[in-house]
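Modelling step: build the complete structure from the supplied sequences, incorporating the hints.
Count the sequence shown with this note's numbering and you get residues 192 to 475, in order.
Hint data in this document are derived by calculation from the structure and do not stem from the laboratory.
A few of these clues could be false.
Calculated cross-link-like contacts (lysine-lysine; reagent style DSSO-like; alpha-carbon spacing at most 30 Å) [stated by the list, open to error]: (1) Lys243 to Lys265; (2) Lys265 to Lys339; (3) Lys394 to Lys340.
This structure is a prediction, so every number in the text was calculated from the model and none was measured.
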Amino acid sequence: MVSTEIPAVQRLYDRWVELAPSLCENIDLVDAWTKESTDLIISTFSDLEAKKVLDIGCGPGDPTLSLTTLVGEKGEIVGLDFVSRFIEELEKRATSKNLKNISVKLGNSLDLPFKNESFDAACCRFGMQYLTNDLKIRQLQEAYRVLKKGGEIVVVDWGEEAHGEIKNVYLDVLTKHTATKNVDKASTDFNLITALDFARLLKSVGFLNLQWDYAEIHWRWQGTPVTFWNFIRSMSPQMDSIFANIPEETANQIHEEIHRNVAKYYDGYFVSIPAKNIVVKGVK
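Next up, the structure:
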């Protein structure tokens with residue numbers, strides 16, 4: 192376990208430890224679900240050939256695995272996460288793909304276990320959206336410390352308006368039928384900010400040549416509306432407490448309504464739901 196003295200981070204750690212088995216069991220589906228966000232990381236970086244790149248909060252694979260093609264055989268991708276199950280899964284996947292340019296590290300992104308100026312570039316996909324602004328700054332300060340002069344950082348997060356259609360699909364349904372009047376906050380614990388505000392955080396720790404924007408993407412789930420909703424529920428532990436406190440008839444009504452909503456985005460192969468990501472880039 193990676194220790195942390197911050198209660199909010201400890202809660203986040205506990206949450207991801209709980210979610211890790213489900214995430215790893217469905218990893219191919221999850222990679223497809225988040226592929227367009229991973230592609231944003233890849234397309235935003237400059238040339239990474241033969242560079243050493245840090246993926247902060249790497250989870251069980253992407254974008255670490257996808258970045259290997261950019262750095263080539265002479266480069267290296269280092270995946271860092273504070274959940275050992277994710278690190279083990281990433282190691283297993285890298286070995287199965289015979290990727291020699293990946294290494295992994297168990298560690299806390301707020302206290303990176305690397306020397307100053309160790310990396311040519313760094314990225315973080317969905318790793319900062321749960322942190323308060325103060326903790327976002329602390330993580331960015333650590334990224335700044337371990338980057339070499341001229342090193343780039345690229346951050347992709349959900350952003351302030353990221354729920355988009357997802358909110359209409361199930362969050363509003365839950366709010367309508369339950370006593371939980373702020374389901375989107377209760378079920379996610381996000382701290383979402385605008386792309387501009389995120390760029391200001393990068394500037395505050397010293398990053399230059401700032402770029403920020405919103406990107407239109409699609410969450411693509413390879414499966415039916417029912418399997419989509421089952422996965423969403425498995426990834427949201429708070430859902431158990433929500434459904435435990437409502438009558439079975441109401442629960443069934445919620446499931447049926449959500450299935451109908453998701454079906455609007457189902458083409459027989461994929462559930463494809465439009466959304467937005469923020470993309471922010473800075474240079475040390």
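Comparing the hints with the structure gives:
1. Lys243 to Lys265: Answer holds: lysine 243 to lysine 265 is near 9 Å, not above 30 Å.
2. Lys265 to Lys339: holds (18 Å)
3. Lys394 to Lys340: holds (15 Å)
Every hint from the earlier list agrees with this structure, and none is contradicted.
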